[in-house]
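J.: Below, each chain spelled out in residue letters.
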Amino acid sequence: MPRLKSLEDLRALRAEVLEETKIQRETNTLIIVGMGTCGIAAGARETMRAILRELEARDIEAHVKTVGCIGMCAKEPLVDIRQGDEPRITYGYLTAEKVPHLIEEHLIKGNVVEEWVVGKLRDA
Amino acid sequence: MSEPTYRAEVLVCSGTSCTASGSLSVLEALRKEVARQGLEDEVRVAETGCRGFCAMGPVVIIYPKGILYCQVQASDVEEIVEETLVKGRVVEWLTYEEPSTHEKVPFYEDIPFYGKQRRIVLRNCGLIDPENIEEYIARGGYEALGKVLSSMTPEEVIDEVKSSGLRGRGGAGFLTGLKWEFAQKASGDVKYVVCNADEGDPGAFMDRSVLEGDPHSVLEGMAIAAYAIGAHEGYIYCRAEYPLAIRRLNIAIKQAEEYGLLGEGILGTDFDLTIRIKEGAGAFVCGEETALIASIEGKRGEPRPRPPFPAVSGLWGKPTNNNNVKSYANVPQIIVNGAEWFSSIGTERSPGTAIFALTGKVRNTGLVEVPMGITLGEIIFDIGGGVPDGKQFKAVQTGGPLGGCLPASGLNLKVDFDSLKQAGAVMGSGGMIVVDEDTCMVELSKFFLTFSVAESCGKCVPCRVGGRRMLEILTRITEGKGKMEDLDTLEEIAEGMASNSLCALGQLTPGPVMSALRYFRDEFEAHILEKRCPAGVCPDLVRAPCVNACPAGVDVPSYVSLVSQGKYAEALEIHRKRNPFALVCGRVCPAFCENRCRRGTLDEPVAIRHIKRFMADHEIKEPWTPPQLEPDKDEKVAVIGAGPAGLTAALRLAQWGYEVTVHEALPVAGGMMAVGIPEYRLPRDILQIEIDNIKRAGVEIVLNSELGKDFTLDDLLEDQGYNAVVLAVGAHVSRSLRIPGEDLEGVWGGTEFLKDVALGNAPDVEGKSVAVVGGGNSAIDAARTAIRLGASDVHLVYRRRREDMPAEDLEIKEAQEEGLQLHLLTNPTRILGDEKVEAMEVVEQELGEFDDSARRRPYPKEGSEYVMPVDVVITAIGQGVDVGCVEKGCGIEFERNTTVKVGKVGSERGALRTTRDDVFAAGDAVLGPATVVEAVAQGNKVALEVDKYLQNGLALPKDDWLAYDDIPLTWEMEDYGEAKRAEMPMQKASARRHNWEEIELGFSETTCREECKRCLRCDLEGA
Chain A
67 MPRLKSLEDL RALRAEVLEE TKIQRETNTL IIVGMGTCGI AAGARETMRA ILRELEARDI
127 EAHVKTVGCI GMCAKEPLVD IRQGDEPRIT YGYLTAEKVP HLIEEHLIKG NVVEEWVVGK
187 LRDA
Chain B
0 MSEPTYRAEV LVCSGTSCTA SGSLSVLEAL RKEVARQGLE DEVRVAETGC RGFCAMGPVV
60 IIYPKGILYC QVQASDVEEI VEETLVKGRV VEWLTYEEPS THEKVPFYED IPFYGKQRRI
120 VLRNCGLIDP ENIEEYIARG GYEALGKVLS SMTPEEVIDE VKSSGLRGRG GAGFLTGLKW
180 EFAQKASGDV KYVVCNADEG DPGAFMDRSV LEGDPHSVLE GMAIAAYAIG AHEGYIYCRA
240 EYPLAIRRLN IAIKQAEEYG LLGEGILGTD FDLTIRIKEG AGAFVCGEET ALIASIEGKR
300 GEPRPRPPFP AVSGLWGKPT NNNNVKSYAN VPQIIVNGAE WFSSIGTERS PGTAIFALTG
360 KVRNTGLVEV PMGITLGEII FDIGGGVPDG KQFKAVQTGG PLGGCLPASG LNLKVDFDSL
420 KQAGAVMGSG GMIVVDEDTC MVELSKFFLT FSVAESCGKC VPCRVGGRRM LEILTRITEG
480 KGKMEDLDTL EEIAEGMASN SLCALGQLTP GPVMSALRYF RDEFEAHILE KRCPAGVCPD
540 LVRAPCVNAC PAGVDVPSYV SLVSQGKYAE ALEIHRKRNP FALVCGRVCP AFCENRCRRG
600 TLDEPVAIRH IKRFMADHEI KEPWTPPQLE PDKDEKVAVI GAGPAGLTAA LRLAQWGYEV
660 TVHEALPVAG GMMAVGIPEY RLPRDILQIE IDNIKRAGVE IVLNSELGKD FTLDDLLEDQ
720 GYNAVVLAVG AHVSRSLRIP GEDLEGVWGG TEFLKDVALG NAPDVEGKSV AVVGGGNSAI
780 DAARTAIRLG ASDVHLVYRR RREDMPAEDL EIKEAQEEGL QLHLLTNPTR ILGDEKVEAM
840 EVVEQELGEF DDSARRRPYP KEGSEYVMPV DVVITAIGQG VDVGCVEKGC GIEFERNTTV
900 KVGKVGSERG ALRTTRDDVF AAGDAVLGPA TVVEAVAQGN KVALEVDKYL QNGLALPKDD
960 WLAYDDIPLT WEMEDYGEAK RAEMPMQKAS ARRHNWEEIE LGFSETTCRE ECKRCLRCDL
1020 EGA
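The listed protein sequences correspond, in order, to chains A and B. Everything in the first sequence is counted per the numbering used here, starting at 67 for the first residue and increasing by one. Everything in the second sequence is counted per the numbering used here, starting at 0 for the first residue and increasing by one.
Rather than coming from a laboratory, the hints here were simulated on the basis of the structure. Incorrect hints may have been included.
DMTMM-like cross-link-like pairs, simulated, lysine to aspartate or glutamate; straight-line CA separation at most 25 angstroms [unchecked claim]:
(1) Lys-71/A with Glu-102/B
(2) Lys-767/B with Glu-816/B
(3) Lys-64/B with Glu-152/A
(4) Lys-900/B with Asp-714/B
(5) Lys-88/A with Asp-714/B
(6) Lys-64/B with Glu-180/A
(7) Lys-103/B with Asp-189/A
(8) Lys-164/A with Glu-97/B
(9) Lys-88/A with Glu-816/B
(10) Lys-420/B with Glu-529/B
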């Protein structure tokens, strides 16, 4: 990791990261798991494992990342799916046993699982 | 050997799904086309694994630009190569588009939970990977630090923070910039920045979320503060119970150091800063800054007197700046966006946002960040979604154990540091706990006090001893052993603690108790005077939640248990001890018991009312003669009004040996049971059975005998030799709408309308269009009666929302099934017509601030008036007592709402005694329009008071007769764990709208006895 020597270095790094993530964003399926304490307490770790298992079983190379709490603790575990440059779709109460159905519907068939969806977010 | 480099890379998905939809032929075509165009040396075509776009396959991805083409067919390949690989253009129609099913999903900003939020501190939480500094940088992270180090002097930084108006988010709300200035101006070479992450309030977790979700924002804020005051070392004091926060902070510090954003020579300047984490052992007092500093130093976590303040002499005696996690997290945003931007958010004296951990009885629990100045009601009802399960909002506790609670009247309070403090609550660190009707405020304040007492460090006396004494008193009160003087003692101790404790812990410990006393004093008094816990929580005062919820205190679990065994007569005997109207209440009771039934928290409440009806119906064949319990007495009592309150009072007094006469103005007995409740809910012959029971106790009922017309109070008391009178006249006068046109022909008051129907003088509404105004049970009764009288259409006009209607939910539904049309958020402005009603002008309503019932107040929407053509208008917006029937100068006074003025429990005057010594009052006359069971409860109570009065305080004790008996459990509770609530068979809506038959058909014996076994027997708990 290069040490940043100035504000310009920092801005260059930011631009680089943005460029990289832009490409990643546009060509990838990203699955985001809320892993604050509230999420973990509600079973986010099991959900995460189930997602990784399901992706492996189906041989899907989606990106999986963890984030902190987004505030809707009541609906944890929260799982978001973002495809291409489109808004990320948030699912609530997404416990591990719901994962195969979610992957099947959202990724394979391209459908939103309406009964679990919370909302969508265009993140910058 | 080095890999050949390509100008572009084309990846074709070869996952199962894409292959199935033809990706291999696309691959093949791409290779051919690239070769044909002679691009093999520049463009590499390869297979890639599945990316998860299976629904949109076959998928082709082209790097370096990262173009994603979906549903690509071999026939599209020529265009892709020509346009994208040769000319560098995107083939728009092949790019990925959001599937159409996604379009329906609302954006976050359109979900109420997020719509009113403004996320500054939480801007990255849930969006970035907290363990990856680059994601923080990508969202503009460390830009503020860069700006400060490259272009601002420490003074400029302090000025910026000062003029932003940022106040300390730990709760006290001291100006952050000013604090920094003190530390900066303090003399000394070595200074420290400290971050207070010792979040310890039960129910508060905002600091944890920031540390877990966006640790760099805190580090960056600390670095800016350190630069401003001239510190090179910093500490984050985080409780060890937050392992994930500590882990992520450690990762963040390490990554920041690697990038040169912390450590030596930050961003190439000569500014150094080392940040360390000090794990706290979880003592609540360590959230106090001097105790926190002592703890970092390795000493016992105890506060010390201030001054000197830490800004002058803090950590190891050096100038120290200590801020809360959220204060620091605000700073980078202030630097980047400017002080003006920040101070434009929120209120003038509390700029920016507030973060609340919203918990308790609210639908959307979670972490919310809102602009200061938003009202509590908006937070709880709009963002939080209100109280779940149809329960009533009771209070909100802010600031955790050192805060305070506010009742519904506080819902319009604009939230900021000063307003909350003024109202007796505090912002604190931002815990916000919503409680509903099932929470006992005495118990809740005791809970918080228990916490604070346990966390008192013991250094100063007021906190150590005062808290303990207060807790002892509260404990006593919850056990029913409190005295009224205790309340004064509580206040006295609280004052002493507030003014003499060393630190905020001791000073604020009395907060929850004092605010509860301020707003919910009647609940404390109920515990002390009546030995009653209105919420049904305090175990020493509550037999079971259902018994406690029943105004008459009917022993529900006992009779339900006996019914389960088929012992209906025994069961009914238990019921009648407290309520002689089992047949009536089995049909019309709103069942307060079911609302509190603990089974309801598992699935649905036990169908107590239906069970009661079966029990009472079963015993109709055995006419009841109420037993006389005490020897005959010489005194005579007159009861005015043969409604449920009057009849119950008469029955009890007769059972105790008095000679009782009931005077009834109407030609029928029963009061509202006879002329208010329609026949389809309560058949008259059923009612008559229970009135006859009471007559068999020796009570004489004189019909057509009206107070003020046929006799006066003085006649009874002075001429006819009655020793006491019970005034139970009911509330039979409909309240006026106070709009023009109310005197037209075709306008009825709801109660008058129902009475006329009951007495056989039904107004002719056949084929007419009827509008009923109001949202209560009387309005629904009037509407359903009009339907049965053959009205062509019936409209209910109500000024609030459906969920705000006081009428029983089930009855509204049933009425709608029968054809009632609801016009919500609508209110009449005038009734139109020459002599007869021709139409009603109404105006739409919009909802404004919250009223004391925690509902939003409706206001007319200007210009939204419209005319409803109707022939009949029935007004049912409330009822009052006919004060005219009581002669002037007889010594009876009334309250402003026309109810009779009576003494309170425990008062010198005595409960239910009017302003004239020998006259008592009960029922609607005292309560305003209420339910049968509430009237019965009043009847029981007033009889006791009359007995006490007539026996000069030497009345025989009733305790033995009223004692609760425990009925043994006779079924295997586990067998009924999954049993669902039995449904009441009903008459079909299509049939019932044309007849007056009872609409509920009653349980079968088997259904009834099985339903009983769903009871959890809360009465046996602790027995």
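J.: None of the hints should be skipped; say for each whether it holds.
T.: Hint-by-hint comparison with the structure:
1. Lys-71/A with Glu-102/B: Distance of about 45 angstroms is beyond 25 angstroms: violated.
2. Lys-767/B with Glu-816/B: holds, 19 angstroms
3. Lys-64/B with Glu-152/A: OK: Lys-64/B and Glu-152/A at ~17 angstroms, within 25 angstroms.
4. Lys-900/B with Asp-714/B: holds, 21 angstroms
5. Lys-88/A with Asp-714/B: violated, 94 angstroms
6. Lys-64/B with Glu-180/A: Between Lys-64/B and Glu-180/A the Cα gap is close to 33 angstroms, so the pair fails against 25 angstroms, i.e. violated.
7. Lys-103/B with Asp-189/A: holds, 18 angstroms
8. Lys-164/A with Glu-97/B: Since the Cα atoms of Lys-164/A and Glu-97/B sit roughly 23 angstroms apart, the hinted pair holds (cutoff 25 angstroms).
9. Lys-88/A with Glu-816/B: With a Cα-Cα distance of about 56 angstroms, the restraint between Lys-88/A and Glu-816/B is violated, given a limit of 25 angstroms.
10. Lys-420/B with Glu-529/B: violated, 32 angstroms
Hints 1, 5, 6, 9 and 10, counting from the list given before, are not met by this structure.
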